[in-house]
Amino acid sequence: AQTVTQSQPEMSVQEAETVTLSCTYDTSESNYYLFWYKQPPSRQMILVIRQEAYKQQNATENRFSVNFQKAAKSFSLKISDSQLGDTAMYFCAFMKHRASGTYKYIFGTGTRLKVLA
Amino acid sequence: EAQVTQNPRYLITVTGKKLTVTCSQNMNHEYMSWYRQDPGLGLRQIYYSMNVEVTDKGDVPEGYKVSRKEKRNFPLILESPSPNQTSLYFCASSGGANYGYTFGSGTRLTVV
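Read top to bottom, the protein sequences are chains A and B. All the letters of the first sequence, read from the start, carry residue numbers 0 to 116 under my numbering. All the letters of the second sequence, read from the start, carry residue numbers 884 to 995 under my numbering.
The set of hints was computed from the structure by calculation and includes no laboratory data. Check each hint, because a few of them may be wrong.
Here are the simulated DSSO-like cross-link-like pairs (lysine-lysine), alpha carbons at most 27 Å apart as the crow flies [stated by the list, open to error]:
#	chain 1	residue 1	chain 2	residue 2
1	A	Lys103	A	Lys69
2	A	Lys103	B	Lys900
3	A	Lys72	A	Lys95
4	A	Lys77	A	Lys54
5	A	Lys95	B	Lys940
6	A	Lys72	A	Lys103
7	A	Lys69	A	Lys54
8	A	Lys77	A	Lys113
9	B	Lys948	A	Lys95
10	A	Lys103	B	Lys954
11	B	Lys954	B	Lys940
12	A	Lys95	B	Lys901
13	B	Lys954	B	Lys901
14	B	Lys952	B	Lys940
15	B	Lys940	A	Lys103
16	A	Lys54	A	Lys95
17	A	Lys103	A	Lys77
18	A	Lys95	B	Lys954
19	A	Lys113	A	Lys54
20	B	Lys900	B	Lys940
21	B	Lys901	B	Lys952
Bear in mind the structure is a predicted one, so any value in this text is a computation, not a measurement.
Make a model of the complete structure from these sequences and hints.
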């Protein structure tokens, strides 16, 4: 069974510093997608960044980047120049295709990040 | 604006009183899904739908029903709510596997 593990329940970082959130997953699939979602106190779920497993290049979106290590099944999120608005719960998610032709997302349990002024 | 509209935002109800949480998307997405979010458990899938009249169970379907009579709407029905269904619920839609989800704003449900 596929699982997604976020081993850091809570983290904090000083404003303007860099922080890395870890995510590991377990799968026997070779074709899949990975995502990071942000959930601020407003509780809205916002897609931050996505990575296709067949692409070796790490995805980047402004201050957000990932370190995708396929062999190690690791998908960490790096936030550079942290801002107070980055304070949120962050969820890692894995997507795989089902045999039926549908697809399924599996979410980790989340990492609560607090950016300190 | 492309969005998933979910209502109500908050709901307090009593055990056994049937309720429906509505979900509508304006992006012509085929794939829609319901999740519940509980502390320490992340998001768990309740039901999903690949298209009109096509629905299937997720990981925690017990006590829930869904319907997909129109492409844009995907309501979640609790026929006889119980306190263990107190949770934060999200509806989400996707235009394709690699695009990820667009989520609704969530429904905080309390069953007393």
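Exercise. Holds or violated: are the alpha carbons of Lys54 of chain A and Lys95 of chain A at most 27 Å from each other?
Worked result: This hinted pair holds, its Cα atoms lying about 15 Å apart.
Exercise. Does Lys95 of chain A pair with Lys901 of chain B here, judged by a C-alpha cut-off of 27 Å?
Worked result: 34 Å, violated
Problem set entry | Given pair status - Lys95 of chain A, Lys72 of chain A, alpha carbons within 27 Å | Distance ~14 Å between Lys72 of chain A and Lys95 of chain A Cα, so the pair holds.
Exercise. Is Lys103 of chain A within 27 Å of Lys77 of chain A, Cα to Cα?
Worked result: The given pair, whose Cα atoms are some 25 Å apart, holds under the 27 Å limit.
Exercise. Under the criterion that the straight-line Cα-Cα distance not exceed 27 Å, is the pair Lys940 of chain B, Lys103 of chain A satisfied?
Worked result: Holds, at about 11 Å.
Problem set entry | Hint consistency between Lys77 of chain A and Lys113 of chain A [alpha-carbon to alpha-carbon, up to 27 Å] | 14 Å, holds
For this session: Below or equal to 27 Å on CA atoms is what counts here, so check Lys77 of chain A against Lys54 of chain A.
Result: 18 Å, holds
Exercise. Given the proposed pairing of Lys954 of chain B with Lys901 of chain B, does the C-alpha separation stay at or below 27 Å?
Worked result: 24 Å, holds
Exercise. Is Lys103 of chain A close enough to Lys954 of chain B, meaning Cα to Cα at most 27 Å?
Worked result: Status holds; Cα separation ~19 Å.
Exercise. Is Lys95 of chain A close enough to Lys940 of chain B, meaning Cα to Cα at most 27 Å?
Worked result: 16 Å, holds
For this session: Assess, step by step, whether the Cα of Lys95 of chain A is no farther than 27 Å from the Cα of Lys954 of chain B, and give holds or violated.
Result: 23 Å, holds
Exercise. Holds or violated: are the alpha carbons of Lys69 of chain A and Lys54 of chain A at most 27 Å from each other?
Worked result: 10 Å, holds
Of the numbered hints listed earlier, those contradicted by the structure are 2, 12, 19.
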